[in-house]
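Enquirer: Could you slot chain E onto chain H? The hints should help.
As you go down the protein sequences, you meet chains H and E in turn.
To get our numbering, take the position in the first sequence, counting from 1, and add 687.
To get our numbering, take the position in the second sequence, counting from 1, and add 687.
Worth double-checking, as some hints may not be accurate.
Just so you know, same-sequence chains aren't split out, so a pair can sit in one copy or run between any two.
Said to hold, decoys possible - Mimicking BS3-like on lysine-lysine, the simulated pairs with C-alpha atoms at most 25 Å apart in a straight line are:
1) 690 with 915
2) 689 with 746
3) 735 with 895
4) 852 with 735
5) 923 with 690
6) 689 with 829
7) 879 with 746
8) 852 with 829
9) 852 with 915
10) 689 with 853
11) 895 with 690
12) 829 with 915
13) 923 with 852
14) 735 with 690
15) 852 with 746
16) 923 with 746
Think of the hints as simulated: they come from the structure by calculation, not from any bench.
Computed from a predicted model, the values in this text were never measured in an experiment.
Protein chains: 2
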Amino acid sequence: MKKLYVVGIGPGEYESMSIRAQRILSECQVLVGYTVYVELIERYFPGKRLLTTPMRREKERCQLAFQEAEAGNDVALICSGDAGVYGMAGLVLELAGQYPQAEVEIVPGITAASSGAAVLGAPLMHDFAVISLSDLLTPWVKIENRLRAAAQADFAVCIYNPSSKKRADYLARACRILLEYLPEDTVCGAVKNIGREGETSVILSLGKLLEYEADMFTTVFIGNSQTKAIPTAGGKLWMVTPRGYQL
Amino acid sequence: MKKLYVVGIGPGEYESMSIRAQRILSECQVLVGYTVYVELIERYFPGKRLLTTPMRREKERCQLAFQEAEAGNDVALICSGDAGVYGMAGLVLELAGQYPQAEVEIVPGITAASSGAAVLGAPLMHDFAVISLSDLLTPWVKIENRLRAAAQADFAVCIYNPSSKKRADYLARACRILLEYLPEDTVCGAVKNIGREGETSVILSLGKLLEYEADMFTTVFIGNSQTKAIPTAGGKLWMVTPRGYQL
Chain H
688 MKKLYVVGIG PGEYESMSIR AQRILSECQV LVGYTVYVEL IERYFPGKRL
738 LTTPMRREKE RCQLAFQEAE AGNDVALICS GDAGVYGMAG LVLELAGQYP
788 QAEVEIVPGI TAASSGAAVL GAPLMHDFAV ISLSDLLTPW VKIENRLRAA
838 AQADFAVCIY NPSSKKRADY LARACRILLE YLPEDTVCGA VKNIGREGET
888 SVILSLGKLL EYEADMFTTV FIGNSQTKAI PTAGGKLWMV TPRGYQL
Chain E
688 MKKLYVVGIG PGEYESMSIR AQRILSECQV LVGYTVYVEL IERYFPGKRL
738 LTTPMRREKE RCQLAFQEAE AGNDVALICS GDAGVYGMAG LVLELAGQYP
788 QAEVEIVPGI TAASSGAAVL GAPLMHDFAV ISLSDLLTPW VKIENRLRAA
838 AQADFAVCIY NPSSKKRADY LARACRILLE YLPEDTVCGA VKNIGREGET
888 SVILSLGKLL EYEADMFTTV FIGNSQTKAI PTAGGKLWMV TPRGYQL
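Looking at chain H on its own, in the form it has when it is part of the complex (with noise of 0.2 Å):
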């Protein structure tokens, strides 16, 4: 029986892959992905069968990849960060009774939550939440409770897909949510396009966040009540969710 492989590749660059990602892609003889991801490791991994389908052809990206294994390859379906984190296993679980000739492996991957934090110094220490403000598949009264429940309960919190063209006042938004049940001066931070070309990183109060102009390749962090910004001798700052260790 062949193999579909749904890796996780991490942030982009191609140090923060998983050795064992690494190894799979090299094995397999096709790999599929969404056009920016694949373009981002096809260097490292020349002689194989491509295929690629652009944003929102997810549905269809998971029955290439299905069928690619069906007809005898092994396959890897390619997903940016994690396979598990807003990736693409779970489509292709729920799609798999229809394959029944391919067998599915997950192999997971540095989601944005991991990579961009340690960017940022730890802002991840403690409990946190992950929360996506894309509203394509999600209704947006539910993304709202999620906030709100986050802030009450004094999580950290990851935001992924903050902002987009069509939805350029999304993170806004989500700040003003926040700031119902969060101080101004609460600890923030983000990080654009992480572990590739043009990384830059902010650290940042929530009443700034709000004015921040985030885009897609953009992972913001709000702090809880016990997040610090500590500045180093080069001054740069690091921000720090304490976990609670007596200093």
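Expert: Leaving out everything else, chain E in the frame of chain H:
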């Protein structure tokens, strides 16, 4: 200036480490960590100076690592999973001001939420909360509030540190709280020894999870209202939280 890397090595098996983590551990002269984690990887990095401290000696571990860096070594402080999720990154950055001669870099890894999810299927495909049941450093009432908030807002939940010898009934206590809000047949899962010898997993209802015996090396997943157990041709079940794609 010498560097102190805080390195997440993933769940434990060598292949789960990122290529970057592997390179950094190869390049460092000194590896520092909790005894169990250092033992997991030391055979892959021969010829290193190894310094270990037992559990609950986290501050001492960080100080040891800084002292080695200030003495002129490149040092890797090893964390299981991700360095920034209940790892050592936060404590290191809180102490960094005392060791201005050492430059700190955080190297992320695959946390148990991702690696455990991949074993079960795709339980964290939608918004989720990560909660530790350890009340060593956190008042139980705060943990309880977070469980309530997560259940009320229909987050999937990933539970770290569900149990230990001294906290044998904590997972059951958490389940009882969740059952105030969630139906007994909510789909849940648990994975023991992720990516290590003796890895086992189970998919079960929240009602059954109440009686499940977790240990220190278990990660627990509570589905949201949409989470399903999908049977495969081979008789295995997958735990899947749909993101909402039209099938």
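Enquirer: With reference to the structure, classify each hint as holding or not holding.
Expert: Against the structure, the hints come out as follows:
1. 690 with 915: between (46 Å within a copy, 23 Å between copies)
2. 689 with 746: within (20 Å within a copy, 48 Å between copies)
3. 735 with 895: Neither: 46 Å inside a chain and 46 Å across chains, both beyond 25 Å.
4. 852 with 735: Intra 33 Å, inter 50 Å, cutoff 25 Å: neither.
5. 923 with 690: between (46 Å within a copy, 16 Å between copies)
6. 689 with 829: Classified as neither: same-chain Cα gap 39 Å, cross-chain 48 Å, threshold 25 Å.
7. 879 with 746: Answer is neither: 27 Å inside a copy and 32 Å across each miss the 25 Å cutoff.
8. 852 with 829: within (21 Å within a copy, 38 Å between copies)
9. 852 with 915: Answer is neither: 32 Å inside a copy and 33 Å across each miss the 25 Å cutoff.
10. 689 with 853: Intra 40 Å, inter 46 Å, cutoff 25 Å: neither.
11. 895 with 690: neither (48 Å within a copy, 32 Å between copies)
12. 829 with 915: between (29 Å within a copy, 19 Å between copies)
13. 923 with 852: neither (31 Å within a copy, 42 Å between copies)
14. 735 with 690: Intra 16 Å, inter 38 Å, cutoff 25 Å: intra-copy only.
15. 852 with 746: Intra 23 Å, inter 45 Å, cutoff 25 Å: intra-copy only.
16. 923 with 746: between (43 Å within a copy, 23 Å between copies)
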